[in-house]
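One-letter residues, chain by chain:
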Amino acid sequence: MHAIELEHVTKAFGRTVAVDGLNLEVPKGCVYGFIGPNGSGKTTTLRMIMRILVPDRGDIRVLGAPMDGATADGIGYMPEERGLYSRMKVRDLLRFYGRLKAGRDLRRDVDRWLERLELGTWGGKKIETLSKGMSQKVQFIATVVSRPEIVILDEPFTGLDPVNAEAIKDAILELRDQGTTVVFSTHDMGVAERMCDFIFMIFKGKKVLDGTLSQIQEQYGSDTIRIRCPEGAEALAGLPGIDKVTDFGQMQELRMTSSCDPHDVLTTVVSRTRVQSFEITRPSLHDIFLRIAGPAAREVNRA
Amino acid sequence: MRKALLLAAREYRASVRTKGFIIGLVIAPLFMGGSLIAYFLLKDRVDTKDKAIAIVDRSGIVAAAVVEAAEYRNANEIHDKETGRKTRPAYLVEIIAPQSGDLPAQRLELSDRVRRGTLHAFLDIGPDVLHPGGDPEGSRIAYYAKNAAMDDVRGWLTWPINNHLRKVRLVEAGLDAEAVQELFYWSGVEALGLVSVDEATGDIRDAAKASELQALLIPIVMMMLMFLMVMMSVPGMLHSVMEEKTQKIAEVLLGSISPSEFILGKLLGGIAVSLTTSAVYAIGAAVAVKVTGLGGYVPYHALPWFFSYMVLAIVMMGSIALAMGATCSEAKDAQSLNFPSLIPFLLPMFIYFPVAKEPLSSFAVVTSLIPTFTPLLMLLRLATPEAIPWWQPAAGLVGVLATTALFVWAGGRIFRVAILMQGTPPRLSHIVRWAVKG
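Residue numbers (the working numbering), protein chains in the order written: chain Z, 1 to 303; chain H, 1 to 438.
Isolated chain Z (complex conformation) (with noise of 0.2 Å):
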């Protein structure tokens, strides 16, 4: 049984599909990232998990059985845009969105997050009185302090310094590992890579990529080149077998055609400049996000 299954899922605004046709499915106990690019359907299709938006269309089971009150109370949600009540302080606000869900006094798992997240000394105060960090992690605590079974974070890290998104990432991490399923949807390519055992994507209402990171990459194959010479992008301008250059500053990222031998653009590089590093390597996610959803892709979809 998976923690999460879409069948046929459809959404519609008027004549705006938001989600086509979406099937997926989430196993339990794990990471699962949802990227793509703004308004191609992720929250949509998240609201529709929590069943906050009907389907026009399709199915949506959670763990095993379609959604009803009792399923929603086993799922954390966290939207994108936080709602706190700026009036409320901390702790009752906490123990006010614990008791909707579990349906009783979450006094001490409420004060263990607090510490947790390192909020202990706020709990008297206001939600007016916190840094927008601190009222990302209160809205993430009221997201988790009723241990839900699957909890879903619709953009969880936008906005954290650092630290603060260390704190939440670690905080995920040990949800996994307790048995938690985790879906989030991220802008954060490097974040999804590190995170999550399984990636979906979805562009423009529909499923583009779905499995795990190297499964992913597979479908791409070893196209790419990274390397590093004191002349930058500059000495990789013109290169045969090279589509596009992606400048990094103190890297070039260099994708291959299909008919592109390594070798011969390491001979071209070499006589035009000193290669300090030379790697033969898969697409990273960013590289095939852009590759789908890109201004280039656009132009293609377009023709």
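Hints are computed from structural coordinates only; laboratory data are not their basis. Think of the CB as a built atom: it goes at the ideal place given N, C-alpha and C, for glycine as much as any other residue. Among the hints, a few may not be true.
Going by beta-carbon spacing under 10 Å, a handful of chain Z positions derived as facing chain H [what the hints assert, rightly or not]:
{"id": "1", "residue": "Glu81"}
{"id": "2", "residue": "Asp92"}
{"id": "3", "residue": "Phe96"}
{"id": "4", "residue": "Tyr220"}
DSS-like mimics (lysine-lysine), calculated; alpha carbons at most 30 Å apart, straight line [stated by the list, open to error]:
{"id": "5", "chain 1": "H", "residue 1": "Lys146", "chain 2": "Z", "residue 2": "Lys89"}
{"id": "6", "chain 1": "Z", "residue 1": "Lys125", "chain 2": "H", "residue 2": "Lys248"}
{"id": "7", "chain 1": "Z", "residue 1": "Lys206", "chain 2": "H", "residue 2": "Lys248"}
{"id": "8", "chain 1": "Z", "residue 1": "Lys89", "chain 2": "H", "residue 2": "Lys332"}
{"id": "9", "chain 1": "Z", "residue 1": "Lys204", "chain 2": "Z", "residue 2": "Lys244"}
{"id": "10", "chain 1": "Z", "residue 1": "Lys132", "chain 2": "H", "residue 2": "Lys332"}
Fit chain H to the known structure of chain Z by using the hints.
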């Protein structure tokens, strides 16, 4: 239901713990009913500063009688008989000889004295006042003051002047004024309720005196209280939903509770706030009734109707407010929708007076059976001393129940669609479509 109650409890605490609620609890009745109560309490309280009045009597027969009447009044009618405290101003009448030939100049001079404050007013009595008929100007009695139309002195002067003129006319007609004194006796008509039978003893019980307090003030105060209860909870619901939508709290809540539980929780919270407020006012009223001994005036039979109508009115108007709040994306949207969403409930405030004066009229019956008017107007009628046929409040209740069910159903459909929508506020046609099609 558990989640709805939990949300209602939060709503309730969030409302009653604010300073605004406590202040509103005190201020609102002062604003709403204060002016009415103040009118009844203070209507007999007047400025006791003496008033100097000049009389230019060109007839030569009236001024002395006015002076005599004023002296009698000053001696007998301006002090409380028990305490001796002065309760009204003395009228100090000064007789001014008419200036022959230059009447306008004399009037101007006296007007200037009024402007300077050495006179309160002056009276100009025409030369033909005893036998009016020919030249209206000659029989004219003119009262000049800064605020002549609203001046109590003018009203008082009418009596001694006319009384004296009638006496003089009787004498001229050859009748002895003293002998026909009863001609001037004015018989008033006393207002009484109905004679009834004492159920305990079987004796016939005399009718009680009817008063403005019982006939008008108490019904209006009860209606105002109902108005206050609804106004203290329903606009708050609209703002609270708008806030929860704009601050994205609604989406978090909808991850835990269904839209129906959301709406139910809000409505229950609003009802709890109003019941708290009405309980506070009921305790205050009970104390006031005990202190003032006005218990006999309280229409206890109307109280169950008050609470029934109040709960339904909050649910009825609250459903609309919640739906409207869900359509708002900014505070200014909520401000612009607040009043229109309450109009169906507020309209009776413009027509209540004729209903209170004649609670059994066709107008009163028909308007009080319009469901959104029933909570205010039927209650108003029930609180009057008139016996309202039992079927009318019952029919009103059925109408309110049906309308409440309709409003909850339509409000819920609008709420579900609108709560997650962002951007431009929807047009009325959209809202109607959501209500009809969901």
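Evaluated hints:
no.	hint	verdict
1	Glu81	holds, 4 Å
2	Asp92	holds, 9 Å
3	Phe96	holds, 6 Å
4	Tyr220	violated, 36 Å
5	H:Lys146 - Z:Lys89	violated, 61 Å
6	Z:Lys125 - H:Lys248	holds, 21 Å
7	Z:Lys206 - H:Lys248	holds, 27 Å
8	Z:Lys89 - H:Lys332	holds, 27 Å
9	Z:Lys204 - Z:Lys244	holds, 24 Å
10	Z:Lys132 - H:Lys332	holds, 25 Å
Violated hints, listed in ascending order, are 4, 5; each of the other numbered hints is respected by the structure.
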